[in-house]
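Student: What follows is each chain in one-letter form.
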Amino acid sequence: MSSISTTDIHKIYDLLEYHKTQPGALLPILHGVQEELGYVPPDVVPMIAATLNQSNAEIHGVISFYHHFLAHKPGLNKISICRAESCQAMGSAGLEQSIKQRLDIDYHQTTQDGKYSLEPVYCLGNCACSPAIRIDDQIYGDMNLPKFNALLDALVTYTLELK
Amino acid sequence: MNSSTAAKANRVFVSLDTSALSKGSEQVAQQIQQWLAKQPEMNVTLVRNGTRGMVWLEPLLEFETALGRIAYGPVRPEDVADIFREQPFAGISDHPLCLGLTDNLPWMKKQQRLTFARVGLIDPLDIEDYIRYDGFSGLKIALTKSPQQIVAQVKESGLRGRGGAAFPTGIKWQTVLDTPAEQKYIVCNADEGDSGTFADRMLMEGDPLVLIEGMLIAGLAVGATQGYIYLRSEYPQAHKIMNMAIDRAQAAGYLGDNICGSGKRFALEVRLGAGAYICGEETSLLESLEGKRGVVRAKPPLPAIEGLFGQPTVVNNVISLASVPIILSRGSEFYRDFGIGRSRGTIPMQLAGNIAQAGLLELAFGVSLGELLEDFGGGCKTKRPMRSVQVGGPLGAYLPPEQWSTPIDYEAFAKIDAVLGHGGVVVFDDTVDMAAQARFAMEFCVVESCGKCTPCRIGAVRGVEVIDKLTAEHDSHNQRQQSLSLLNDLCDTMEFGSLCAMGGMTPFPVRSALKYYPADFGLTPLPDDTHTSHQESGTK
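The listed protein sequences derive, respectively, from chains P and S.
Residue numbers are given in the working numbering: position 10 of the first sequence equals residue 10, and the series is strictly consecutive.
If you want the working numbering, it's the 1-based position in the second sequence plus 163.
Calculated from the structure, these hints are not laboratory results.
Everything numeric in this text was worked out from a predicted model, so none of it was measured.
Any given hint could turn out to be false.
What the hints assert, rightly or not - Taking lysine-lysine and the DSSO-like style, the derived pairs with C-alpha atoms no more than 27 Å apart in a straight line are:
1. S:LYS427 - P:LYS73
2. S:LYS308 - S:LYS201
3. S:LYS678 - S:LYS578
4. S:LYS455 - P:LYS11
5. S:LYS171 - S:LYS201
6. S:LYS171 - P:LYS73
7. P:LYS78 - S:LYS455
8. S:LYS403 - P:LYS11
9. P:LYS20 - S:LYS455
In isolation and in its complexed conformation, chain S is listed as follows:
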């Protein structure tokens, strides 16, 4: 956040991202400031950037050199003086923490960074830096186009909602554009509640201006003049950075009554959520924004027709909106050329839980889950065998090794009764008790259900009870079979009798755990993989 760049000052980068801070990057930054104060002749500027996504290497120190940026990590405050004594701006040094050129690190080299292109490179709060790295070029183009042309371009890009539901973004925008109203809204869903996901946070902390730009373009496309970012209260750092970025964009004429002198208007405000997972569901989010309990609405009417305060509203995830600027600036074909099948473009995947190299990477759709785990993840952090991964958050299926050849593609995941969701991958080693994980899925639903639909509100409570009964050691075989049958019935009721994904998808982790890990429930493993516990219980 230091913008006092004197001529030819050498730049050193330390991240202000939550994960980097949580590993001590602030202490490293302070150490650098102290060191620099004693060496005024060094002429060095400390820049606080977003993270490169290699969270296991945080706190990461980067020096801008003639060769490119050279990385050191993970750095402790006591390493700072030693590193600076190695002439870090001169080139790759012999210091044991020196990792070489950041761009040459395998993690960085194997990615296709479109949405996250600037994250970790720029000072997130420096508008000049943003523009230097192609920022606002999408907006400039959008300002020359008609609303219909912008919507068409987003449609042609094949972009689908990155929040998890994967609905085509352009079609949503078209509906809002086609619905006449005095006031329309752009609402950014930044209520990233899925465990194992942090892409939204990383983007907002590392490149908040690209989200602002995406929302501005959405506003121009559908004729909305007011935007809200609904941000979860668990993200204090993203809150701070987003608000500062909005203030700066406003001061520079990118927000307000006359965007870049075009006469167009767009106002933007961050609204904090209050710790309710359900508010990540779009209609519940809208209720919350209106100042109500976050209770899910029945659809129709679609939010695109009757959304916030009853007006046509675009509700898009952070990553969807942040992908729009590059689609405008580089063209829909450029974006669409990445990916496979109906999953076009790139997706930020997040490796989390028990994994040695945890972090975020952005790739075109199509790579297999196993490649992510091996090539990027590098095995379990505990050095034990990997037993299961949960993809797509707490409502996503648990997948065993035999399913890891599945490509990262919405349809391929749907085919195996799984979801890609928001791209979070949580890894578990062989000490995991899958019956306990299934129980937790129900327990989580008890805590977070909004209470509107009975199958979700009551079903989850019964789910915990029946899993406890199923795993109780003293029950006879027949009693167990009864419990299993009951659990499968319950899953059906929740899946088909709930309005939203909370109740509707809580059965996903439960059923996948039952299907792939029956022994953890004290059930005999099935000889044939195609037999699901669902069929075995005789509920069909």
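Here chain P stands alone, though its shape is the one from the complex:
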């Protein structure tokens, strides 16, 4: 239990207690864990497995099946770029390259300063203003590199203000 703190462990036990009698509880539990910790650390797998009376392999199998669940701690801000057809029709492939260059990372990676991580997404349902990206829970449309740079700069300012 080295990677997660005692406080986090308590939070997870509360979560498990809350969800354990729910039918089909696993996805709500995993969403809860990820919301709390930002990812689903391998250390919580045995805790979930014991609560649901399943094997570690079964829990791991579910986590690894879904693109949304992350097994590694992501950056402070999670950026997703839509790779689907509607966004392709509006030049998302070029945007994708530019964003990767600007952040100097590829998909499923986190910047060295731990600020941003980058994920592909297949449709954000914002296809009337393609190309679309998502930063945390905000979705942005008609995206281009200057706009993206402005968003990123605003994010930096905002993060600094918080400190």
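On the provided structure of chain P, position chain S as indicated by the hints.
Tutor: Chain S only, in chain P's frame:
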């Protein structure tokens, strides 16, 4: 979401829909709040509504006037003060962003809005507003009917599944009704993963109560007391709004142990998906709801007989369920009178990708694809010629201009080896490389296959490889023909050897790209349109 409507307050509307927000409607709303705070004598209420579907005009500002609602758009925060100075509640103004009466805009005028009747009109979270616009009238009627009468009415309406498979909704309900069980379920498929589609999201954000009402009626019809909305995690705003709507419906006595004092019970819960496209397939969705990997189940047994947790389950798309209230309140004939052939009623079409006027419109079946693109879409956003459209999501065919006369009708689309699916239309201009699009179809299948069927799991990987080989410049003519033959074989194997549409339909975009755009693959165009690349390769 502001319900503090003082007497005679003027109402101004700004959308809280994801697409509107993504274009800055929140900043416009904040600007309005700030402006209004400085003008208390104006007595104005800001209402956050769904979108009218004219996404290219978002952020759209609407003022309720004696003439009707007057629209301004697309509005930037810095335009707000100027617009308010033009006496917008008095009538149509001279402001350059003033578009006139919303209902008179061609986009709105040419539609037949049944399912989306309230979207953009009401405050989505105000139950009073919902009722004022005929909300819960379908439920009231359903509560006076027997389950069989409700099912019969849905059957007679001709409603078919709007998720894409177009299976008659009433027949599905009949099976669940006829299967005795202690517990039955209504599951709403809100895992709208097809690129180019956003109708489910728009409805859930603009009129969540109509979905709740539809699910309640489904519950009464088949004897189910528990409902789940399986919502994709890519829709945070719909998640928030849907949950708030459920809480409010519960507080107002529309959900719970005693629906409207009838003694009937129905509980409803939103469950989040986790970024797996395959979970839009109904059996995979059920696995996911049960807390498992979203691996497709073999059918039979049908979910209607053995569905969620092994119990009889109705699995319907958002739009199918949201179309039920109007069928109950206005009658099955009213609904069935719209449409053509076996495609009855209306369908929300979504124009997306490279199109000037992108958005959602609801129409009776029967209008041609070309009319949608011209009359509503207004050409490419890039002002270049349109070269291809993909209808029905990533598993739908790419169609060239000569096929755009096809009417919006399930059977007409099937006839040209295409699908209408969930009504998404993605437009591409003449810079598109169709070989790259075909490759992407296979690539997408690699990423999203659940892995159960080998033709899909392995076939997609091989598909990417063989398309790469086919388009490799250094290959000889014979080598290319071999690759083409291999690709066609592979498409056959995937189509006929996969349990669900993921593997079974990934060949649709690939084959259509090959058939209509052979030059993009470095192949000679065929003189005769009826010759498909399929026949040419000699696989028959």
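Student: Evaluate each hint against the coordinates.
Tutor: Each hint, compared with the structure:
1. At most 27 Å may separate the alpha-carbon atoms for a hinted pair to count; LYS427 (chain S) and LYS73 (chain P) exceed this at roughly 46 Å.
2. Taking the CA atoms of LYS308 (chain S) and LYS201 (chain S), the gap is near 53 Å; set against the 27 Å cutoff, the hint is violated.
3. This hinted pair checks out: LYS678 (chain S) and LYS578 (chain S) have alpha carbons roughly 15 Å apart, not beyond 27 Å.
4. With a C-alpha separation of about 23 Å, the suggested pair LYS455 (chain S) and LYS11 (chain P) falls inside the 27 Å cut-off, and the hint holds.
5. A threshold of 27 Å between alpha carbons decides the hint, and for LYS171 (chain S) with LYS201 (chain S) the separation of about 19 Å falls inside it, so the pair holds.
6. For the given pair, LYS171 (chain S) sits about 53 Å from LYS73 (chain P) by alpha-carbon distance, which is inconsistent with the 27 Å threshold.
7. At roughly 25 Å between alpha-carbon atoms, LYS78 (chain P) and LYS455 (chain S) fall within 27 Å of each other, so this suggested pair holds.
8. Proximity of LYS403 (chain S) to LYS11 (chain P) is assessed by CA-CA distance (about 23 Å); at most 27 Å being required, the pair is judged to hold.
9. The suggested pairing of LYS20 (chain P) with LYS455 (chain S) holds, with an alpha-carbon distance near 15 Å, which does not exceed 27 Å.
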